[in-house]
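Asker: According to mature numbering (1 follows the signal peptide of the UniProt record, and there is no 0), the sequence shown holds residues -23 to -1, 1 to 570 in order.
Just so you know, the hints here were simulated from the structure itself, not pulled from any lab data. Hints are supplied without guarantee of correctness; some may be wrong.
[Stated by the list, open to error] In silico DSS-like cross-links for lysine-lysine, where the CA-CA straight-line distance does not exceed 30 Å:
(1) Lys206 to Lys463
(2) Lys217 to Lys196
(3) Lys454 to Lys130
(4) Lys130 to Lys376
(5) Lys217 to Lys206
Remember, it's a predicted structure, so these values are computed and weren't measured experimentally.
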Amino acid sequence: MGRRLLVALLVLGGLLVPNAAIAAPAEQGEARLRVAVPQQIDSLNPFLGYSLAATDLFRLIYPTLTTYSPEDFSATPELAESWETSPDRLTWTFRIRDGVRWTDGQPVTARDAAYTYDRMMRDPAAATANGNFVENFASVTAPDERTLVIRTKTPQATMLAIDAPIVPEHVWSGIPDVAGFANDRMPVVGSGPFVLTEYEPEQYATLRANRRFWRGPPKISELQFVQFKNTDASVQALRKGDVDVAQRLTPAQFDALAGERDIAQVRGQGRRFFEMLINPGAADSAGDPIGSGHPALRDVRVRRAIDHAVDKEALVERVLNGYGQVGGGYLPPIFDDYHWNPPRPREFDLAEANRQLDAAGYRRGPDGVRRTPQGQPLDLRFMLHASASADAQVGEFVKRWLADVGIRVRLEPVSDNQVNDRTTAGDFDLAVSGWSANPDPDYVLRLQTCASRPTPEGGGTPDSFLCDPAYDDSYAKQLGEFDPAKRIELVQQAQARFYEQASASVLYYQNSLEAYRSDRFSGFTAQPADGGVITGQQGYWGYYGARPTAAATTSRAADDRTTLLVLAGVVLVAGAVGLLVARHRRATVDERE
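With the sequences and hints as input, model every part of the structure.
Answerer: Spelled out as C-alpha cells, the structure:
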C-alpha cells in the first residue's frame, strides 16, 4: 500500500495530521536517511532548477562529466573517465565510462552528453540554469558511444568544471517544450547514486538507492528530503528523531544543540556568500528597462552610500554570533585562491554615508526622508526570505541604519520562490540574496555579466543586474586563461570592479552549521576533508558515504509496523477500502511501466 493511500486513510481516521510523510514498508535491514530542508525546490527540471535545494537533488540523480574531489575540490573523473585537449585548447575529447546505465536499464553514452549540451546551445529554455557552461561551445559531437568531442569558439578554462546535469536522450528528446516540463513522472530516470521515486511539492522528495550505480550502491537504502517552513521546526524534528540531518542551522540553534545526547554537530567554512542586492536599474538582454527598482538606485553614489551605512561586523557578531566572516569580495574564503578583499573597504560610517548623499544632491524633506532631485522620496522596499530568521534580523538592522541616513525602508518577507521570481524580474529595490560558489569561480562570476540578464521572452539567471563593460572584459579574459596565477589575477580584477559598482553588498560569509543523529548514522563524507561539511556539497559525497547504525534499521522497521497497526485500527467501510486499494494498485503498476 503506497504512502499517499496510507496518509489518506489515517487522516480519515483522525489518527494523523495532513501533510505528514509516512514511511513506506521497509525490507529487512533497510534504512532511510531523512534530511530537513529549509528551502523550496524551485523545479525538478535540471534545465530550469537552480535553487540550492534543487541542485543538491540533481547531483544525486544525474551524471556530470567530472566532479569535485571530496578531499580538496580538485576536478576528478565521473562519467568521463579521461580526457585530452588539442594544442590550441579548442578541442576537448572525453572518454565516457563503459558500463554505466540509466535507471531504466538503457546504457549511458556519449550521445546523451552531446544531446544535453546541444539542446542547451540551441534551446534558450534549456539554457536557463546552466547556459553559461555552453555559451562558448562551437559544436558537440559523439563519434561513437564512448567518445565525446567538444569544440569551443575560444579557449575555455572551465572545461573540467561543467556542472550541468546530463540527461537521457531517449527520455528528453520526446519533450518539445522544456520550459513547460515539470519532470515529475516517477521514478525520474537518472544514473546517479539515488533515484527520485516520490515528490510532493513543498513537502518531501524521496529517493531510493540506485543499485546499478557504477561506484556501487549507497549504504543507505533510501534518502528523503523533508521540507520545513523554518529551521526552528527542523531542529525540533531532529531532537525528536523525526529527521536525521538538519542543515543551514542558525547560530543560536547550533549552540543550543551542543552536548545533546545522540546529536553530532558539524561546523565548516561555507561556500555560500550572503548579499544585499541594490537594484542598479534592471534591464533585459536587449537593454530595455524591466522591473520596479527605485530610480535613485541607478546612481552609483547612492549605492555606495548605502553600503557605507551597513555595519557588516555587527551583522557577523549579532546575527551570526561570530559564526562567519565579514563580507568583501564576491567569492567566499573557502576558495582562498580566488577570494579577494577590497584594499580600501567601505567601512561602516553613517556620517560619511550622509555626506555622500548630501553631495549627490539627495536632500532631506520635512519628514527627514531624502528626496531625489526630482522630488521622489527615497522609500525602498527590502525583500527578504520569509523562511529565514537571519533575513528578518538583517532587515531590521538595515532598516534602522538607513533611517539614520534619511532612507526609509519597508520590509517585505516573501517565499523563496517569490524571491527567485521577483529578483529575476527586477521587481525589487533591495533584496537579501546569496549563491553557493563552485570551486571554479566562473559560474557565479557570470551572474554579473550583461549576458546573464533575462531575454525579452523571460528566463536568465541575473544576480544584481550589473551590466558593465569593464567587468565583462575581465570575466571574458579569465574564462580563456589557463595559467592559474594569471587567471586568479583576472578573477580578482572582476571582483574589484563589481565592488566598485556596488550593485550588491556582500554582507558576510556564514559558516555552514549542521547536525545529525549520531545514534542512527555515521560515516558522512565531509568536503573538503579539512573542515568541510556534509550537506550542500559539490557532489553527492556526504549522503553516498553515510552508514546506518543498527538503530537506524531497526527503528525503520518499527516505524513501519506502527504505521500498519495504526492503519488496522481505522474503521472504514470494507468495500470502499477495497475499491480504493484496487484502484491505487492499478495506478502504481501503470506508473512503473
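Asker: Give a verdict on every hint.
Answerer: Tested hints:
Of the pairs offered as hints, the one joining Lys206 and Lys463 is violated, with about 44 Å between alpha carbons and a cut-off of 30 Å exceeded. A distance of roughly 24 Å separates the Cα atoms of Lys217 and Lys196; the hinted pair therefore holds under the 30 Å criterion. Annotation: proposed proximity of Lys454 to Lys130 holds, straight-line Cα distance about 14 Å (limit 30 Å). Only pairs whose Cα atoms come within 30 Å are accepted, and Lys130 paired with Lys376 is rejected, the gap being roughly 47 Å.
Using a Cα cut-off of 30 Å, the hinted pair Lys217 and Lys206 holds, with the two alpha carbons roughly 17 Å apart.
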